[in-house]
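Visitor: Since the structure of chain A is already known, use the hints to place chain B on it.
There are 2 protein chains.
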Amino acid sequence: MADQAGSETNHLPLILVHRLPSFDLALTNILQTHFRILDPLHSSQPLDSFLTSHAQSVRALIVYALSPLTADTIRLLPSLEVVVGTSAGVDHIDISECRNRGITVTNAGDAFAEDVADCAVALLIDVLRRVSAGDRYVRSGLWRLRGEYTLGSKLGGKRVGIVGLGRIGSQVAQRLMAFGCIIAYNSRKKKSSVQYPYYAKVCDLATNSDILMVCCSLTSETHHLINKEVMKALGKEGVIVNVGRGGLVDEQELIQLLTREEIGGAGLDVFEEEPDVPGELFALDNVVLSPHKAVLTPESIEAVFQLSLANLKCFFSNEPLRSVVQQE
Amino acid sequence: MADQAGSETNHLPLILVHRLPSFDLALTNILQTHFRILDPLHSSQPLDSFLTSHAQSVRALIVYALSPLTADTIRLLPSLEVVVGTSAGVDHIDISECRNRGITVTNAGDAFAEDVADCAVALLIDVLRRVSAGDRYVRSGLWRLRGEYTLGSKLGGKRVGIVGLGRIGSQVAQRLMAFGCIIAYNSRKKKSSVQYPYYAKVCDLATNSDILMVCCSLTSETHHLINKEVMKALGKEGVIVNVGRGGLVDEQELIQLLTREEIGGAGLDVFEEEPDVPGELFALDNVVLSPHKAVLTPESIEAVFQLSLANLKCFFSNEPLRSVVQQE
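Chains as they are written, first to last, in the UniProt record's numbering: chain A, 1 to 328; chain B, 1 to 328.
The following block holds chain A by itself, in its conformation from the complex (with noise of 0.2 angstroms):
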């Protein structure tokens, strides 16, 4: 059965649910009692020809999760006016083809930026205290037996640039400060509501600190972003923490200045040819690695459920929208 509403519940709006296979989200028990859901999965047809059946009145569609919506399948919804995305960045949508048509995207807003900014500061801890390394380090039954351990060092005192103050970079800054550290930010413009300096070269904001934290957002203009250039300038004691999106750093060259000892580590959420790993980081004790999962928090999912619910209820409602990504 391709629409699985049953007759007592016609009345409800349509929405259709885009998803890989992998990601079946609790959302859709929570969005049933408000919509009727079309989730292509549930249908044998190929999707192509499940969408020109069955999908050509759908005014609303919801993202799952990173599931890759292309600008193929945008064209085969005629009716198509809001795609509601679940996480923070939507790289992972066609944004072109959405500005194009005119259709509203949205996203996670506020609902996973102080879970990811936690994991942010704790990767950037991790990776200057070496908390991971001593836990490998302890847990091999190395102290016993050799007793001393190389230390890291401090947090407090030392020059932090942001790049992307946007809700994660903020909640970044805001921990941050209470360790004593100096804040600085590049983004794609200066914000007035700030006071943090804010350089508009990244290169220059690496020039003049000892940690990147980046925060922002994967576009065609943002795509490696962190080049060797800019890791050069943030120089051999250096530490790059990415929570964003793997293709915002050139993993290959960071892989070959961490191995150098070029740069003095990294604390990555994020990689470009995700969940692969490229294996040389295995070797280094000057990284920490989180399998993509910094937003993620059973507080922060049912955050991002409500929001999506509130977008798509307000939709339907013609009232403006909780959380619009800005298509420039």
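Just so you know, these hints were derived from the structure itself, not from any lab.
From the three backbone atoms N, C-alpha and C, an ideal C-beta is built for every residue, glycine too.
DSBU-like mimics (lysine-lysine), calculated; alpha carbons at most 35 angstroms apart, straight line:
hint, chain 1, residue 1, chain 2, residue 2
1, A, Lys158, B, Lys313
2, A, Lys191, B, Lys158
3, A, Lys191, A, Lys236
Computed footprint of chain A on chain B; a stretch qualifies when at least three of its residues, placed anywhere within it, have a C-beta under 8 angstroms from a C-beta of chain A:
hint, region
4, 106-118
5, 121-127
6, 168-182
7, 276-288
Partial pick of chain B residues on the chain A-facing surface, computed with a CB cut under 8 angstroms:
hint, residue
8, Ser22
9, Asp135
10, Gly147
11, Leu151
12, Gly152
Guide: For chain B alone, kept in the frame of chain A given last:
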């Protein structure tokens, strides 16, 4: 040669270095430009006869790191007036004997507080958000194979009970406020200078907390302060972080509760029988183990070296010492 000072430095005040052979601090290089250094480990004589032969006039002794200073050793030094400690806690020094003799004891003062607090926060986020466990997961290749990864829980909004609101506990509180945590504390006395709710009994603090941050000194009164009753009061989702001393927590009870999942997790920088860590902990995924290095960075070590030097200079100039331990 017992006394390493040459004749040209005979006018310098004499200090006795007390250390385990494994603690050969660079501090000696700093001290010997200001003092004559007496180091029993540079002699082949046994300690007792060395002290009886060479140290009867010693007024000042410096203890490197956590080298145990017993009452028996102190009794061999009839002229001793000051013991300069280089650690935050001084449970390795027989404080009772010092008090009886009227010997002043100093510690690391504020020098280590920021670094310990940074590490305590990192251990907490690590346990809650499974940072080290995630690093193990990625490095072992399981992310690619299995995909899904157990989520942690959110830091913001958690009720954090600080056990011991001294230099370290206060810095921990300040940092966790920036993450949106709700702070309360237990200490010997209510502090008029802070607004956080005070609990006279640590068990009541545990009942009203999601997390306990153990930051107090180890004394005969605080040994096993975090006992089974306190851990049960904290509850099955509760997390304990210990950056004080191993003896503050009943380690065997903690292991039992962790294994039976009657407590949520633990971040431990200190253990009862360091560097021996109970093997049961190595099998647990909800603990983060650190080799008693929360205090140590090159920056904090330099700070404590300078503080120790300042304390010794003050002593020999009859000026007030910088970081006297209150002996109650």
